[in-house]
Amino acid sequence: MYTTKLHLEKGLYTKLYVPNFVSLAFSLKKETLRWHPFCYLIFVNTNLPNPSEALTETGLPYDEVFSADGQLRSDFSALGQALTGLPDGELRRRQQSADRALLRMGITFQVYGEEEQGERVFPFDIVPRPVSASDWQQVESGLKQRIQALNLFVSDVYGDKKILKDKVIPEEVVYSSSGYLEPCEGMKPPKGIWCSISGSDLIRDGQGHFRVLEDNLRCPSGVSYVLANRLVMKRSFPELFERMGVRPVSDYPDMLLETLRAISPPVPDAPRVVVLTPGIYNSAYFEHAFLAQQTGAELVEGRDLVVSDGYVCMKTTRGLQRVDVIYRRINDEFLDPRCFRPDSMLGVAGLMDVFKAGRVAIANMPGPGVADDKVVYAYVPDMIKYYLDQDPIIPNVDTWLCSRDADRDHVLQNLDKLVVKQSDGAGGYGMLIGPQSTKEQQDAFADQIKAHPRGYIAQPTLALSTTPILQQEDESLDPRHVDLRPFVLYGDDIQVLPGGLTRVAMKKGSLVVNSSQGGGSKDTWVLSEGGGT
Amino acid sequence: MSSGLMLSRVADSIYWMFRYLERVENTVRLMDVNWHLMLDMPQVKTNEWETLLHVSGDFALFEEHYSEITPENVMRFMTFDRLNPNSMISCLTAARENARGARDVVTPDLWELINGIYLMVREYDCEDRGFYKNPYDLYHEVQSAVLHTFGQAHATMFRGQSWQFLRIGTLLERADKTTRILDVRYFLLLPSLREVGTALEDLQWAALLRSVSNIEPFIKHYGPVHAKGIIEYLLLDSRNPRSVRGCLQQADEALRGIHGTSPGYFSNDAERLSGQLCADLSYLTVDEVVRRGLHEYLDELQYRMNQVHQAIEAHYFSPDSGEWS
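In order, the protein sequence lines correspond to chains A and B.
Just so we're aligned: 108 in the numbering used here is position 108 of the first sequence, and the numbers increase by one with no gaps anywhere.
Count along the second sequence starting at 1, add 1000, and that's the number in the numbering used here.
Bear in mind the hints are in silico, worked out from the structure with no lab data behind them.
Treat the numbers as computed from the prediction; the structure is a model and nothing was measured.
Be aware that one or more of the hints could be misleading.
[To be verified] Examples of chain A residues toward chain B, derived with CB under 7 angstroms:
| no. | residue |
| --- | --- |
| 1 | A101 |
| 2 | R104 |
| 3 | G106 |
| 4 | A289 |
| 5 | Q293 |
| 6 | L299 |
| 7 | D304 |
| 8 | V307 |
| 9 | K315 |
| 10 | T316 |
| 11 | Q321 |
For glycine and all other residues, C-beta sits at the position ideal for the given N, C-alpha and C.
All chains should be modelled from the sequences, with the hints used to inform the complete structure.
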């Protein structure tokens, strides 16, 4: 733990620190995309016998705010002074006031299977998570590079297939990806944009280096929490914003609308944009409504839309009205029962035909999920090289593919040290946390891996970086593991929102943390040049 | 939307959201008035509480679930019981669900108010004995909060279609509630109509007026309470914002506002039925109501208001009912 704000002198911080080695794993079944931003797993191992190479020299995870000797990192001295300079009780008061504001705003989510208990508030911690200007510069350029390559890859897969013909990525890897959608073959979205809105999940390793943990190219959620958190933080720490030069995120809705309009079919007036939601019982409904409201788009459900005379129309109090761009927040397979799942009640029958006729645009396109697959993920650095002739600016987490003979041998020999995941795995099922597993579990996995090599990948157990959260009881700061989901918009330009959703494991030492068990969020403060000090 | 368009589903949500809010406001006022009345007449408790169940039309449902009509049972049933679709908590839940369904149209301020009332009520301890001894605080707080949302909407809402549907929902509900309260109270007080002047009766008449609106303007403009005056005031006097005629005239105006139809004309069934009803009310006298029988007349009125509702639903809310095929 950190020292309390009353004892910030040098040294105490490290003495009291109990290291946690952590690996982050994914419960998110992408095929159904029943994902919401807080439903993820963090596995914490407090006594890892063989700390992986990713750890710092001192054997501690990288803390983003305090250096290993307990000092505030120089980029963030203003933040530290502000937090410690408050009168007793003030931090707690601000936390409580922020919590009340979020509850009133209805920033809640529904846990599947617990509907009768109503919505829950997404826990929020008021200590911001700062990111220095230079770190952000790298994140931003790395994400732009990555989405460019991913978008080219998706175009290629459903088009000329050059990368497959050149054997950079094995054909079978692509076609066996559960996100590959055969009906998308030959489709050509406007301006070649398949992934208008994406969000890759980043972590920082033991040296504090950013790495990409996974890419979300379908319907990444969470940006509304970024905006809502910021609103609350402005009320909580008005004095800090100016001093620290926190870069604003409030223009996201404008950027989003611009991005969506960029792919509209040519129309005489301003394109009519709609947000397509599964409805009020979807866990991310708040976000859908929020984005619609902030962009001025109409929030529609599938039952509000119909294909009529070759156009997609919405049913209004003044009859049918044409729709030009659909920002869809329902899964690929539900978009059009004639094209994908015939039992879909959420989509619009005939939508894809209208799309092919160039009379409506869809963001994101169905299909990019092919690149979300955990095996395909391992080839993203190769894609960057192949399409852009560049080295990746943000590296992947090291990944061994069990479909490769050499990798598989390595994995089988090191099952006690690695995290093994199913390549399209759901929940914690099909996952092995090596250092925490029994010999029997390892043997069972070895058998499964040998039987279905394509189905498994392995990664090292990583020490996720930490950042302080507020302990309300005594107003002390305590480190918790975090990850980061920035949002990237691909329109006429590629733009990265300076910020993102910081997800934090709020509970200390618990083995599995997801939203229902204390996963929370923080406001991410990207600082402008020279801002934090 | 810039072109003044509105999704049918959203129009439906706005309409119902405000119907439910209005229903809540009526329910808590009715409960509160009744509770005050009971303090003045300890000897006739049960009858009056039963009356409340008839107003909302939930007597049968109540009997299914409760063995006895006691003040506490009725309060619980009308306030906290989720089995009763017209209870305060059920209506608030429904209002909030509808608000969520239209969240891109409902302003954040308005949403926060509605969500705030819901959260306040949800966390209220319905087992708290203190509540049944003195429900005033909660009822008063809920009523104020609902009126606050009306005020917020009135002061800030964009005067587009959502505003019109909001008004129609609110006003049709209000008119409907007025007819029901009048009907039930009048029916129960009928025997005493001919024996004017007991203290008990004055209390009940006063309670009737308070259940619907304020009593003070009535006394100022009509003098001491009398049956015909009350009928005039509650049914026909459009200066009374809760009179049936006043509500329906405003609802009619809002309805025509959607299409910009001039007064005296109509462009669809909803406008026609509503206009017809308003015209009838404009030329109606209390004597005619009494001649036709108040109960019979109120019945007809409820039927016709329901017709207007159905026509609105068919024309604006139900895309499958022909216009879209």
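Q.
Tell me if the interface restraint on A101/A is satisfied: Cβ within less than 7 angstroms of some Cβ in chain B.
A. Nearest chain B Cβ about 9 angstroms off; hint violated.
Q) At a threshold of 7 angstroms, is the proposed contact between T316/A and chain B supported by beta-carbon distances? A) Where the cut-off is 7 angstroms and the nearest Cβ of chain B is about 5 angstroms from T316/A, the hint holds.
(Q) Interface hint check: K315/A, Cβ to nearest Cβ on chain B, cutoff 7 angstroms. Holds or violated? (A) Where the cut-off is 7 angstroms and the nearest Cβ of chain B is about 4 angstroms from K315/A, the hint holds.
Q | Proposed interface contact between A289/A and chain B, which counts if any beta carbon pair is under 7 angstroms | A | This hint holds: A289/A lies near chain B, its Cβ roughly 4 angstroms from the closest one there, short of 7 angstroms.
**Q.** Restraint satisfaction for L299/A [CB to CB of chain B, less than 7 angstroms]
**A.** holds (4 angstroms)
(Q) Does the closest beta carbon of chain B sit nearer than 7 angstroms to the beta carbon of D304/A? (A) At about 5 angstroms, which falls below the 7 angstroms cut-off, the nearest Cβ of chain B leaves the hint on D304/A intact, so it holds.
Q: Let me know if the C-beta of V307/A comes in closer than 7 angstroms to any C-beta of chain B, holds or violated.
A: It is violated, given that the least Cβ distance between V307/A and chain B is near 12 angstroms, above 7 angstroms.
Q. Given G106/A as an interface hint, is the shortest Cβ-Cβ distance to chain B below 7 angstroms?
A. Where the cut-off is 7 angstroms and the nearest Cβ of chain B is about 5 angstroms from G106/A, the hint holds.
Q: Go through the hint on Q293/A and say holds or violated, using the shortest Cβ distance to chain B against 7 angstroms.
A: holds (4 angstroms)
(Q) For the restraint on Q321/A, tell me whether the closest CB of chain B is nearer than 7 angstroms. (A) Holds. Min distance 6 angstroms.
Q: With a cut-off of 7 angstroms on the beta carbons, see whether R104/A makes it to chain B.
A: holds (5 angstroms)
Of the hints listed earlier, those the structure fails to meet are numbers 1, 8, in rising order.
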